[in-house]
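Asker: With the hints as extra help, turn the sequences into a complete structure.
Using our numbering, you'd call the opening residue of the sequence shown number 1 and step up by one each time.
No wet-lab data here; the hints were simulated from the structure.
Cross-link-like lysine to aspartate or glutamate pairs, in silico, EDC-like; alpha carbons within 20 angstroms at most: (1) Lys48 x Asp18; (2) Lys12 x Glu51; (3) Lys12 x Glu62.
FRET-style restraints, in silico, Cβ to Cβ: (4) Arg20 x Pro58: 13 to 23 angstroms; (5) Glu52 x His31: 13 to 23 angstroms; (6) Arg32 x Leu72: 34 to 44 angstroms; (7) Ser3 x Pro44: 27 to 37 angstroms.
Built from N, CA and C at the ideal position, the CB exists for glycine as well.
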Amino acid sequence: MISDTTIARSAKTALANDPRVGAMDITVHSHRGRVQLVGYVTSPEQIKAAEEVARSIPGVVEVINNLRLVRLTSRHETMEES
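Answerer: Right under this line is the structure:
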């Protein structure tokens, strides 16, 4: 059985290395193989890609995708979409 620490670490590394997702602000939690993604991305495609990446990690039995979509302002700040 793969530990939750290993699953979370593997998922975080895979997300950071995936060009569709990159180094976005995503936190990964794992409990009994259930991975929760929390954070912010800038496109719906990144939400889908992050979930696909997390599902591909050995030991993952479920992905709970709590990623939120934000848009970048002209001052490079983020504003949460409502």
